[in-house]
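Use these hints to put chain P onto chain Y, whose structure you have.
Number of protein chains: 2
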Amino acid sequence: MNKDPIQLDPWGTAQIDDYEKLFELFGIQPLKVVMNDIPHPHRHIRRGVMFGHRDLELVIKAVSGNTPFAVMSGIKPTGEFHLGSKMTAEELIFFQSLSEKAAAFYCMADLEAYADNGIPLEESARIAVSNLADLLALGLEPKKTYVYKQSEETRVMNLSFIFSRSVTQNMLRAIYGERNFGLYLSALVQAGDILMPQTKDFGGPKPVVVPVGADQDPHIRLCRDLARRHQTEYGFLLPSATYHKLTRSLSGSLKMSKRDPMSLLTLNDDPAIAEKKISNALTGGRETVELQRKIGGEPEKCVVYELGMFHFIEDDAYVQRIYDECVSGKRICGDCKAEHASIVSDYLKNHQRRKKSFIDQAHSLLSNQ
Amino acid sequence: MNKDPIQLDPWGTAQIDDYEKLFELFGIQPLKVVMNDIPHPHRHIRRGVMFGHRDLELVIKAVSGNTPFAVMSGIKPTGEFHLGSKMTAEELIFFQSLSEKAAAFYCMADLEAYADNGIPLEESARIAVSNLADLLALGLEPKKTYVYKQSEETRVMNLSFIFSRSVTQNMLRAIYGERNFGLYLSALVQAGDILMPQTKDFGGPKPVVVPVGADQDPHIRLCRDLARRHQTEYGFLLPSATYHKLTRSLSGSLKMSKRDPMSLLTLNDDPAIAEKKISNALTGGRETVELQRKIGGEPEKCVVYELGMFHFIEDDAYVQRIYDECVSGKRICGDCKAEHASIVSDYLKNHQRRKKSFIDQAHSLLSNQ
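Here the protein sequences line up with chains Y and P, keeping their order.
Residue 349 in the numbering used here sits at position 349 of the first sequence, and the numbers go up by one each step.
Residue 279 in the numbering used here sits at position 279 of the second sequence, and the numbers go up by one each step.
The hints are simulated quantities; they were obtained by calculation from the structure and are not laboratory data.
Any copy will do: because identical chains look the same in the list, a pair fits if it lies in one copy or spans two.
Simulated pairs of lysine-lysine, DSSO-like, Cα-Cα distance not exceeding 30 angstroms:
{"id": "1", "residue 1": "Lys200", "residue 2": "Lys101"}
{"id": "2", "residue 1": "Lys337", "residue 2": "Lys356"}
{"id": "3", "residue 1": "Lys149", "residue 2": "Lys200"}
Excised from the complex, chain Y in its bound form (with noise of 0.2 angstroms):
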């Protein structure tokens, strides 16, 4: 792999230091210049957390002519959401809740959990039952959802054969470094998925937009690739995209991963003990109480700040204040860890008790497709 940091690796645990780079780098659009546009914006467009685009234009069109598009996403259903998942998981359901022509498409991609972490069909069709109830809690809206698995989608399947005579070893190498050739029909597969919604059998070509982290980004090129070659055939719009930024681990370092389950926030963890995992987490905080009374704390380095800004917090007046009591000393690490401890502890024991209420229907859902 080349070793330039900007290099986006979607299969590893990617540290970005300046998302501003992408714009240049990649062709990213920042988001600001359409924000605007977008009407009752996310919390994650209002703060800067999705920061950048592809041809979202075409999506704000289509919600203000009222004509279809869609939103696509998934998940590999090998444990329990986690909060990267959950950040996908809330822009899918904003897009969605725009426009009543929005159609939501969510790829449960168990063949992969199996080929990757070795998780049987069986127990990854239980996984996705309560991945899709988390979802639901969310406020998926089922009508207005195509949820599908893996293994079963013989549409993307074929789309992913079809595509796999048009692309060169040297397009892939371009794209991902020298890879595995599983890792390459990984790509070609996630093509198949976000591109599923223009064929003819969900309507034909309309605007989908697929909101990603942004070591994402390499799929995204790819796909709009795949969609340009094969647009007189299946007259494909260039699909649309969104970036966020990645969420940290409570420690501090590389994305959230799944490994280090003490690092890592789930929608399913007892809320006691998501106390307890923010009362380890890093903060922005000084080496002692009395400079930090002085010089005031470093929010921009706090993951118990980003837990509020990127999560937890929708009012933001109350992220701002956070934010300035911080920086100004009025704020210490222990008051600022209790009180966001609770707020996730709130927060956590409704969405639970929410969830339980629509795992009947997410299981219905899965196996009436």
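Chain P only, in chain Y's frame:
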């Protein structure tokens, strides 16, 4: 590609001069050693047209022990059955006929027909019905057969996805040379086709024989390698294979190609046109009749002789007589062509009449899957 003439190219137009070399180079076993254990051997076996195998002992044992085994083949439904397709089909049917416990699997590779030849799925679906009617007319027993379309068989696609994680670019390059991603994927999908009969849905591990032309051996080697890599997971037996010599075009060059219809016999040819094609075919005749009377012809070089020997004459003594008469100078090409043209014409008339009566059944077999 390697320029060594013995490099096997499953996607090319191969000419293999010395089949014996394949024993040494690739570990294909001579069929002679086991042929006496095969009950009522097919004319391809008796005449050395089928000349090699891998692990056919497993199948022979299943026949004598009356235990389940499978035989697998398929076609890319792009046009009418030509003599190459007929060879493989007859071998499939022969192995199926060996036991009540023999199941035949047949793949209609409609996605390949689309990706390679631009034939839409609706059109290849019609062609597949015609191809299947040919198979039934040739003797395929529908009750012991599973026919499927590549675009609809998730089990095969899922296997190939799983296999994709255990191949490396180096493995693929070593077997096929540097190829496009799409051809590599096709090879994995074929491995899925060959190994599906051993999955749980079809009763689990069992011997499976794949009768192929000698140029297809790379696919067999890849598939056996994948079976080995996934043995603990699925309990796969390494698939068996048999190898036949390639049918030349009527002009004597290369293997049968659908690109030159006048040099290619199909089972749907108008018998009168087939006779005409044969009258133009390459023979092993001498420059003049006088010379031929004196030193005899060369049946080894003669496509007309091959037509009878490979494809259309069941009676060994009759084939022997033709051979003897040719080499002794007793038989002259003009008469011999007329004799073969009449045999082929009768065969086609009879086949086409039988085929008609199987169209409805073929249609319903392909829509019921």
